[in-house]
Structures are given as C-alpha cells and as structure tokens.
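**Student:** These are the residues of each chain, in order.
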Amino acid sequence: MSERITHVARRVLTSALVVAALWGLWEGYKWLWQTAGWTWPFAVDDTTMPHLHDVVAAFWQPTTTGGPPLIHSLLHATWFTGKEALAGFLLGGAIGFLLAVALSQSRLLERGILPYIVASQTVPILAIAPMVVVGLGSKGVQGWKAVAILAAYLTFFPVVINTLRGLHSVDPRAVELMHSYAAKRWRVLWQLRVPASVPYIFTALKISATASVIGAIIGEAPASIQNGLGGAIVNFNQYYSLEPTFLWATNVVCAALGIVFFLAVLAAERLVLRGAPENVA
Amino acid sequence: MTGPANVVEIAGVGKSFRGGVTALEGIDVDIRAGEFVSLIGPSGCGKSTLLRIIGDLIQPSSGSVIVNGKSAHRARLDHDYGIVFQDSVLYDWRTVARNVALPLEMLGWDRARRRARVAEMLELVELTGFESSRPWQLSGGMQQRVSIARALSFDPALLLMDEPFGALDEMTRERLNMELLRIWEKAGSTVVFVTHSIPEAVFLSTRVVVMSARPGRVAGIVDVDLKQPRTADTREDPRFFELITAVRETLSAGHVAEPTRAAAVEERF
Numbered sequence: 001m002s003e004r005i006t007h008v009a010r011r012v013l014t015s016a017l018v019v020a021a022l023w024g025l026w027e028g029y030k031w032l033w034q035t036a037g038w039t040w041p042f043a044v045d046d047t048t049m050p051h052l053h054d055v056v057a058a059f060w061q062p063t064t065t066g067g068p069p070l071i072h073s074l075l076h077a078t079w080f081t082g083k084e085a086l087a088g089f090l091l092g093g094a095i096g097f098l099l100a101v102a103l104s105q106s107r108l109l110e111r112g113i114l115p116y117i118v119a120s121q122t123v124p125i126l127a128i129a130p131m132v133v134v135g136l137g138s139k140g141v142q143g144w145k146a147v148a149i150l151a152a153y154l155t156f157f158p159v160v161i162n163t164l165r166g167l168h169s170v171d172p173r174a175v176e177l178m179h180s181y182a183a184k185r186w187r188v189l190w191q192l193r194v195p196a197s198v199p200y201i202f203t204a205l206k207i208s209a210t211a212s213v214i215g216a217i218i219g220e221a222p223a224s225i226q227n228g229l230g231g232a233i234v235n236f237n238q239y240y241s242l243e244p245t246f247l248w249a250t251n252v253v254c255a256a257l258g259i260v261f262f263l264a265v266l267a268a269e270r271l272v273l274r275g276a277p278e279n280v281a
Numbered sequence: 001m002t003g004p005a006n007v008v009e010i011a012g013v014g015k016s017f018r019g020g021v022t023a024l025e026g027i028d029v030d031i032r033a034g035e036f037v038s039l040i041g042p043s044g045c046g047k048s049t050l051l052r053i054i055g056d057l058i059q060p061s062s063g064s065v066i067v068n069g070k071s072a073h074r075a076r077l078d079h080d081y082g083i084v085f086q087d088s089v090l091y092d093w094r095t096v097a098r099n100v101a102l103p104l105e106m107l108g109w110d111r112a113r114r115r116a117r118v119a120e121m122l123e124l125v126e127l128t129g130f131e132s133s134r135p136w137q138l139s140g141g142m143q144q145r146v147s148i149a150r151a152l153s154f155d156p157a158l159l160l161m162d163e164p165f166g167a168l169d170e171m172t173r174e175r176l177n178m179e180l181l182r183i184w185e186k187a188g189s190t191v192v193f194v195t196h197s198i199p200e201a202v203f204l205s206t207r208v209v210v211m212s213a214r215p216g217r218v219a220g221i222v223d224v225d226l227k228q229p230r231t232a233d234t235r236e237d238p239r240f241f242e243l244i245t246a247v248r249e250t251l252s253a254g255h256v257a258e259p260t261r262a263a264a265v266e267e268r269f
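Chains A and B, in that order, give the protein sequences.
Note that the working numbering numbers the first sequence so that position 205 is 205, with each residue one more than the last.
Note that the working numbering numbers the second sequence so that position 117 is 117, with each residue one more than the last.
Errors might be hidden in some of the hints.
As the list claims (entries may be wrong) - A few chain B residues that don't get close to chain A, going by computed Cβ distances all over 12 angstroms: (1) N6; (2) G12; (3) R18; (4) A75; (5) G82; (6) F85; (7) R115; (8) E120; (9) G140; (10) E185; (11) T231; (12) I244; (13) A246.
Unchecked claim - Not everything, but these chain B residues come out facing chain A in the computed CB check (under 8 angstroms): (14) G55; (15) R76; (16) L77; (17) H79; (18) Y81; (19) D87; (20) V89; (21) W93; (22) M106; (23) M171.
Calculated from the structure, these hints are not laboratory results.
Even glycine gets a Cβ: it sits at the ideal position worked out from N, Cα and C.
Please build the complete structure, drawing on both the sequences and the hints.
**Tutor:** So this is what it looks like as structure tokens:
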C-alpha cells in the first residue's frame with residue numbers, strides 16, 4: 001500500500017515539475033524577448049503573450065461590469081459543450097462500430113463503401129455544418145443536437161477504421177477452431193472477432209475522445225450557438241486586443257475538457273482490459 | 001473386417017489449389033476407433049491439408065471422407081471433432097476455465113454442467129487450480145494442455161492434432177507425449193496426429209502413415225507394434241529403433257531424389 005502511495009506521490013511530483021518547467025519556459029521566453037526587444041517571429045507583449053498568472057487570475061474577473069466572474073460562464077459553457085461532445089462521441093462511436101461490423105461481413109461491401117467513408121473526412125466540417133444545422137433546424141431539432149451530430153462526424157471515422165482492422169486481425173486458426181465447433185457466423189463475430197478487436201476499438205476511442213470535443217467546439221460557430229465553449233472563443237476573439245487573458249483562459253478550459261474525455265476513455269480501457277497482458281505491471 | 005469400426009474412411013482424396021499446385025493425390029486411409037494414427041512426411045507433403053480435409057475445414061478436390069459413417073461436413077456439424085493446433089490458440093480475454101468451456105457454450109450446455117466438465121478436464125490435464133488464470137500467464141506447455149482440455153471437453157469422436165508440440169522444447173515435448181498417451185487411454189478417443197518428428201510419431205502411434213511430397217501421397221503405412229501402455233522405457237526398446245528405421249526408410253523411398261538405404265541406416269545413429 002505504501003508503495004502505491006509513493007508511486008502516486010512520484011507521479012504528482014513529476015506532473016508538477018512539468019507544469020513548472022512549461023511555466024518557466026513561457027515566462028522566460030517572454031522576459032528574454034521583451035528585454036532584448038526582439039520582434040522575430042513576433043513582437044512579445046502582454047497582448048501576444050500575457051503572463052500566465054494573469055491568465056489564471058482572469059478566471060475570477062467579471063466579463064461584464066458587475067457580472068459574474070469568467071469561471072462562472074466558462075463552467076456553464078463547458079457543461080454545454082461537454083454534453084454536445086459526449087452525445088457526439090457516443091453516437092459516432094456506435095455508428096463507427098456498427099459500420100465496421102457491417103463492412104467486415106463482406107469484402108465486396110468493404111471495398112465499395114470504405115472509399116466513401118475516407119472521402120467523408122476530406123470534407124471540412126465547416127462545409128457540412130450549415131447543411132446539418134439548417135437541415136435539422138427546419139425539422140425542429142435543437143441546435144446542440146445538430147452540433148452533436150457534427151462531433152459524431154469527426155468521431156466515427158477512427159472507430160470504423162480501427163474496428164475493421166481489429167475484426168480482420170483475428171488468427172485464422174482461431175476462426176478454424178470456431179468452424180470446427182460448427183459455430184454460426186454471428187457466434188464467430190461476437191465471441192471471437194469483436195472481443196479480439198476491443199484493444200483496437202479503445203485506440204480509436206482515445207483519438208475520438210478529443211476529436212469529439214474539437215468537433216463540438218467548431219460546430220457551435222456555424223450553428224450560431226452562444227452558450228458553449230465555441231461561442232466563448234468566438235466572443236473573446238473579438239475582444240482579444242482588450243482582454244487577451246479571457247481567450248487564453250477559455251483555451252485552457254477547452255484543453256482540460258479534451259483531457260477529461262481522454263482520461264475517461266483511458267480509465268474505461270484499463271477497466272475492460274485489466275486482464276490483458278499489456279495492462280498488467 | 002474384424003475389430004472396431006472405422007471412424008475415418010478416406011477414399012481417393014486429392015486436393016489441388018488454384019494455380020495448379022497438387023497438394024494431395026489418391027489418398028486412401030482408414031482409421032479404426034481408438035487408434036492413434038500419425039501423419040508424417042516432409043514439409044509440403046500435405047499432411048496438415050489432409051488433417052483439415054478430415055476436419056471439413058477445407059474441401060477435397062476429389063474423393064471422399066467418411067467420419068463415423070457420415071460425411072465430414074455432417075460430422076463437423078455434429079461436433080465430432082476436437083482440434084489442437086501447433087499454437088494453443090487460446091483466447092486472451094478469457095480465463096483458462098472459460099477457454100476450456102468455449103466449445104461447451106457453443107453446444108448450449110448450462111453453467112453448472114460446464115463448470116463440472118471444466119473441472120474434470122483441468123484435472124485430466126493436471127491444471128487444477130489454474131481455472132481463473134489468463135492464458136498468457138501459463139508456460140507454452142501448460143497452454144497446450146489447456147488447448148487439449150478444450151478439444152476433449154465435449155467428448156469428440158475424433159481428436160485432430162496439427163503438430164501440437166512442434167513449438168515446444170524437447171523436454172516439455174517428451175513429457176506432454178506421455179501425458180497425451182495417458183489422456184488418450186483414459187478418454188478412449190481416436191487421434192489423428194500430424195508431426196514431422198519420427199521418434200514422436202513412433203512413440204505415440206498405433207500406426208504411422210508416411211507421406212511423400214509433391215504431390216502428397218501415402219508412401220507407406222508402418223504398424224507400430226510396441227506394447228501398450230508406452231512408458232519411458234519404450235524409448236529404450238530395440239523395437240522402437242527398428243520402427244524408427246522402418247519409418248525413415250519409407251520416407252526415403254517416397255523421396256524423388258533418392259537417398260541410399262545405407263544413408264538412411266547411417267542416419268539412425
């Protein structure tokens with residue numbers, strides 16, 4: 001037990017050291033460029049590189065005179081965007097998984113459909129956003145649901161590709177073994193191919209976790225949603241020259257949300273694959 | 001014909017692959033109930049292909065295979081086969097007990113019956129106490145014993161083994177040979193065993209089917225009349241060495257590029 005505490009303490013210490021080092025780098029760079037008066041690659045001042053303690057302090061400053069502090073509105077925005085991202089992540093993950101299972105059933109289907117799935121990712125999300133938002137809006141679907149669908153659009157792709165790979169990764173003798181038991185196709189799928197692809201699926205979900213957050217943030221702008229983190233970014237962008245720390249603080253929160261999503265998937269992976277060789281140490 | 005009935009009847013089986021490679025040609029072998037038959041031959045003689053044809057995992061191009069008086073296909077659907085490969089092919093995400101229970105789940109056995117049978121099988125392969133271990137926590141020899149327990153768990157009429165001990169070290173291999181014979185006697189199953197080790201084939205088998213390559217044919221069948229049960233002393237028996245020579249000579253005779261008989265005898269020592 002005490003070994004575990006030492007282990008945790010060491011990790012906390014390491015993280016703290018990394019944060020301190022990054023902090024030092026930022027402030028050191030700012031100080032050096034400002035004292036030397038260097039302007040390459042860009043002029044350094046409190047607008048381009050605000051002090052990090054100012055960014056932290058910004059969380060407690062009101063965004064409007066007499067209004068609530070920034071952290072208050074950012075937490076609301078995080079909750080809102082987190083909801084969109086989570087819905088998009090779950091939707092995209094489910095669609096990606098089901099698509100992969102369907103495609104794995106026929107080489108012909110896979111060869112026919114997969115190029116279009118790849119092509120779908122070359123279309124920028126900003127290009128399809130208005131269609132989704134306006135199209136669904138005309139059906140009376142709420143804006144945040146449209147954004148969730150945009151997030152799903154970014155999420156499903158890694159899941160399809162990795163799950164397909166996992167489903168095909170199975171040892172051919174394991175398939176022969178199932179055939180020797182006269183196992184039906186769906187049994188081979190659910191008792192062999194799907195369990196064998198679980199590590200691949202988690203790799204995909206780790207990529208998708210952060211992609212869904214990014215998708216939700218980006219999707220808010222074309223959907224004209226103000227209450228999310230995307231709305232906050234657009235808003236603080238306009239006042240950047242006056243209050244640069246507000247945008248930086250928002251960026252920190254966006255990053256934190258992505259990290260939380262990633263860690264949640266990591267925790268789920270540890271839980272599900274706790275019996276697998278690479279997770280025992 | 002006297003004695004037990006044939007479990008396997010292979011008649012005129014041939015197999016050509018696309019591109020015109022003939023893997024097998026004119027194979028005729030009958031295997032009686034309770035026999036332990038080894039298929040031996042140089043690589044490329046189609047011994048593994050023949051095993052897969054018996055197990056209905058691939059289809060012959062010509063000829064027929066009858067298992068327990070029905071087609072190989074029917075026999076597979078009736079769960080007449082237990083298969084052991086060179087690698088144990090255990091599922092990493094299942095415990096040892098659940099790996100052994102895999103075929104029983106396919107057969108729709110209920111939980112209590114599965115549990116009882118798994119305990120029985122693990123006792124048979126001397127792995128009691130490893131029920132909840134994961135496959136990768138076991139040594140290669142232990143993994144292969146789990147794979148044998150899995151293959152025998154549903155009492156298949158025929159155990160098909162494709163170089164099951166080929167990947168193991170010599171000492172583990174000899175110990176597992178003894179264990180396999182003990183299991184075979186106890187379970188009373190019929191075994192078809194593919195190997196490229198002549199001593200292993202002779203030590204284990206009641207008959208050795210010697211095959212030649214390109215195309216794969218039966219070069220000869222050697223009856224192994226060593227007394228049962230086989231023990232460590234069997235390997236010292238002069239008859240054991242005579243039979244090894246007999247198999248080796250049949251193998252040589254089957255070769256196109258013909259090594260002399262003298263060379264074959266010399267190789268013995």
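**Student:** Answer holds if the nearest beta-carbon of chain A is closer than 8 angstroms to that of B/M171; otherwise answer violated.
**Tutor:** Hint on B/M171: violated, closest Cβ of chain A at ~25 angstroms, above 8 angstroms.
**Student:** With d taken as the least Cβ-Cβ distance between B/I244 and chain A, does d exceed 12 angstroms?
**Tutor:** holds, 30 angstroms
**Student:** Quick one: work out the minimum CB distance from B/G82 to chain A and report holds if it exceeds 12 angstroms, violated otherwise.
**Tutor:** violated, 8 angstroms
**Student:** At a threshold of 8 angstroms, is the proposed contact between B/D87 and chain A supported by beta-carbon distances?
**Tutor:** The hint holds - B/D87 has a Cβ within 8 angstroms of chain A, the shortest such distance being about 7 angstroms.
**Student:** Is the shortest C-beta separation between B/Y81 and chain A less than 8 angstroms?
**Tutor:** holds, 5 angstroms
**Student:** With 8 angstroms as the cut and Cβ atoms as the points, is B/G55 at the interface with chain A?
**Tutor:** With a closest approach of 6 angstroms, the B/G55 hint holds.
**Student:** Verify this label for me: B/A246 is non-interface relative to chain A, using a Cβ-Cβ cutoff of 12 angstroms.
**Tutor:** holds, 32 angstroms
**Student:** Does B/M106 pass the interface check with chain A, least Cβ-Cβ distance below 8 angstroms?
**Tutor:** holds, 4 angstroms
**Student:** Double-check B/L77 for me: the hint is only fine if its C-beta lies closer than 8 angstroms to a C-beta in chain A.
**Tutor:** holds, 5 angstroms
**Student:** Could you let me know if the closest chain A CB is still more than 12 angstroms away from the CB of B/G12?
**Tutor:** Correct as stated: the minimum Cβ-Cβ distance to chain A is 24 angstroms, above 12 angstroms.
**Student:** Per the stated criterion, does the least C-beta distance between B/N6 and chain A lie above 12 angstroms, as a non-interface residue requires?
**Tutor:** At about 21 angstroms from chain A, B/N6 clears the 12 angstroms cut-off, so the statement holds.
**Student:** With 12 angstroms as the threshold, tell me whether B/R18 passes as away from chain A on beta-carbon distances.
**Tutor:** At about 17 angstroms from chain A, B/R18 clears the 12 angstroms cut-off, so the statement holds.
Figure legend: structure checked against the earlier numbered hints; hints not met, in rising order: 4, 5, 6, 23.
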